[in-house]
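Chemist: Could you put together the complete structure from these sequences and hints?
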Amino acid sequence: MALDKYIRIVPDFPKEGIVFKDITPLLLDTEGRKECLTMLLSSLHSKKIDKVIGVESRGFFFGMLLAEALQVGFIPVRKPKKLPFTTLSASYDLEYGTDALEIHTDAIQKGDRVLIHDDVLATGGTAKAVCELVEQLGGEIVQLNFLMEIPFLKGRDKIKNYEIFAAMQ
219 MALDKYIRIV PDFPKEGIVF KDITPLLLDT EGRKECLTML LSSLHSKKID KVIGVESRGF
279 FFGMLLAEAL QVGFIPVRKP KKLPFTTLSA SYDLEYGTDA LEIHTDAIQK GDRVLIHDDV
339 LATGGTAKAV CELVEQLGGE IVQLNFLMEI PFLKGRDKIK NYEIFAAMQ
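Residue numbers (this note's numbering): 219 to 387.
Don't take each hint at face value.
[Claimed, not checked] Below are the EDC-like pairs computed for lysine to aspartate or glutamate, each with C-alpha atoms no more than 20 Å apart in a straight line:
1) Lys239 x Asp311
2) Lys372 x Glu358
3) Lys223 x Glu249
4) Lys297 x Asp268
5) Lys265 x Glu358
6) Lys346 x Glu274
7) Lys300 x Glu274
8) Lys378 x Glu353
9) Lys378 x Asp311
10) Lys300 x Asp240
11) Lys266 x Glu286
12) Lys299 x Asp317
13) Lys328 x Glu350
14) Lys239 x Glu367
15) Lys378 x Glu350
16) Lys346 x Asp311
17) Lys252 x Asp240
18) Lys266 x Glu358
19) Lys297 x Glu353
20) Lys266 x Asp330
21) Lys299 x Glu249
22) Lys346 x Glu367
23) Lys328 x Glu358
24) Lys297 x Asp317
25) Lys233 x Asp311
26) Lys252 x Glu234
27) Lys299 x Asp268
None of these hints come from the bench; they were simulated from the model.
Predicted model, so just to flag it, every value in this text is computed and none were measured.
Modeler: In structure tokens form, the structure reads like this:
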């Protein structure tokens, strides 16, 4: 199944010149979701994973499904001031600005094997920031997992030391 048929292209969102990849049609389609989850899981055979991180906000959808399928804990990584407990923060550059992400300081224990999931690998800034958070807490990154990758933005370059899987490009 070609998952790209479930991705809606929205020009000039969130600002002029950005071409947004909307996953809402994928989320609406039961068969598309199942196929996507199967593809994301296919890259994880024989890998030991203790926790799955879902990156705010679109990384939560399949991040939670992956955690459930793997029968492991789920960790939300969120924008600043959205988590209620003590947090660790990392800032990063986007293709259209700067932002930061936070994680609870007790979410990862030293030696935890972590799968990081987000919807899109674009410039790699978000993914790199999440990797920094995981490693600062003593976690081991097993893989970075994405619904889609936008290759011309060269996001892989920022996270080239990690195993990467994208269900579509």
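Chemist: Could you run down the list of hints and mark each one as holding or not?
Modeler: Results for each hint:
1. Lys239 x Asp311: 18 Å, holds
2. Lys372 x Glu358: 24 Å, violated
3. Lys223 x Glu249: The hint holds at about 12 Å.
4. Lys297 x Asp268: 23 Å, violated
5. Lys265 x Glu358: 12 Å, holds
6. Lys346 x Glu274: 14 Å, holds
7. Lys300 x Glu274: 10 Å, holds
8. Lys378 x Glu353: Since the Cα atoms of Lys378 and Glu353 sit roughly 15 Å apart, the hinted pair holds (cutoff 20 Å).
9. Lys378 x Asp311: 17 Å, holds
10. Lys300 x Asp240: This hinted pair is violated, its Cα atoms lying about 23 Å apart.
11. Lys266 x Glu286: 14 Å, holds
12. Lys299 x Asp317: 12 Å, holds
13. Lys328 x Glu350: 14 Å, holds
14. Lys239 x Glu367: The hint holds at about 10 Å.
15. Lys378 x Glu350: Answer holds: Lys378 to Glu350 is near 14 Å, not above 20 Å.
16. Lys346 x Asp311: This hinted pair holds, its Cα atoms lying about 10 Å apart.
17. Lys252 x Asp240: 18 Å, holds
18. Lys266 x Glu358: Holds, because 11 Å separates the two Cα atoms, which is no more than 20 Å.
19. Lys297 x Glu353: 18 Å, holds
20. Lys266 x Asp330: 10 Å, holds
21. Lys299 x Glu249: 36 Å, violated
22. Lys346 x Glu367: With Cα atoms ~15 Å apart, Lys346 and Glu367 stay inside 20 Å; holds.
23. Lys328 x Glu358: Answer holds: Lys328 to Glu358 is near 8 Å, not above 20 Å.
24. Lys297 x Asp317: 8 Å, holds
25. Lys233 x Asp311: 15 Å, holds
26. Lys252 x Glu234: 33 Å, violated
27. Lys299 x Asp268: 26 Å, violated
The structure is inconsistent with the numbered hints 2, 4, 10, 21, 26, 27, although it conforms to all the rest.
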